[in-house]
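J.: Sequence:
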Amino acid sequence: MLAKRYSTTHGSMEYQLVVELHQLQQEPGQSINDYYDQFCFIWDQIDLSDPTWACSKDAQQYASIRDEFRLYEFLMSLHKDFEPIRGQLLNRNPAPSLNTAVNKLVREEARLATLQAQNKLNVLAITPSAPPLEQPQQSGDSSGSSNRRKQTNKKFCNYCKRPGHTIETCYRRSKSTAAVANIEPTPPMASISAESQSSGSTINLSPTELQEIIAQAVRMAGNASISTALSVIP
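In this text, residue positions in the sequence shown follow the numbering used here: the first is 700, and each later residue adds one.
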């Protein structure tokens, strides 16, 4: 009883093979021949359970129906790249044999590979060269600064005899001008006295002119004395 319950039966093996068969899907990049070999491996195991036909005609008819069914199994699991050729094969009447369909798919696979390679070449041919990278703004500023430095280096100051600026912007000249502007002006009286002193030092009088000046001073002094005496008398 236990042997019958836990032993692997022929039906469960066949069921497992059918499940694997329906789970097959052609992976992207997988060749038609590789995909077809996976099907053939499972089909060969399923064929071991086929009955023995007494009539060869019945065996031939069974094989024809089986191959047509396997054609549909194979086509429905193809990759979507083969959708056009799959439609053509299914629309044929009568349906092509499995070998004919596989040969047709192999040729279509080669055509698609050639077309894909040609498309890559065309893309490479029409792809424009990469544009030159734009210089960052900072680089432009540094270039402008470099040009300004070059122009500044060409300048020369005739006041302090140094390069890099002109006499209009010379800071030494500006300091000198400011110092002169801050000097207090000389009072007018001091200037006048100085001029008088300097003028007196340069006056030359003859003896006659000196006597006239003294006599005039005496007369003026005498007149002043008389005026004083008259003012005292009651």
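Honestly, I wouldn't trust all of these hints.
DMTMM-like, lysine to aspartate or glutamate: derived pairs with alpha carbons at most 25 Å apart [as the list claims (entries may be wrong)]: (1) K779 / D733; (2) K779 / E807; (3) K803 / D780; (4) K803 / D733.
Please keep in mind that the hints were generated in silico from the structure rather than gathered at the bench.
J.: Now tell me if each hint is right for this structure.
T.: Hint-by-hint comparison with the structure:
Note on K779 and D733: the hinted pairing holds, with a Cα-Cα distance of about 17 Å set against a maximum of 25 Å. For the suggested pair K779 and E807, the alpha carbons sit about 13 Å apart, so the restraint of at most 25 Å is met. Between K803 and D780 the alpha-carbon distance is near 14 Å, which keeps this suggested pair within the 25 Å criterion. Between K803 and D733, the direct Cα distance comes to roughly 15 Å. Compliance with the 25 Å bound is thereby established for this hinted pair.
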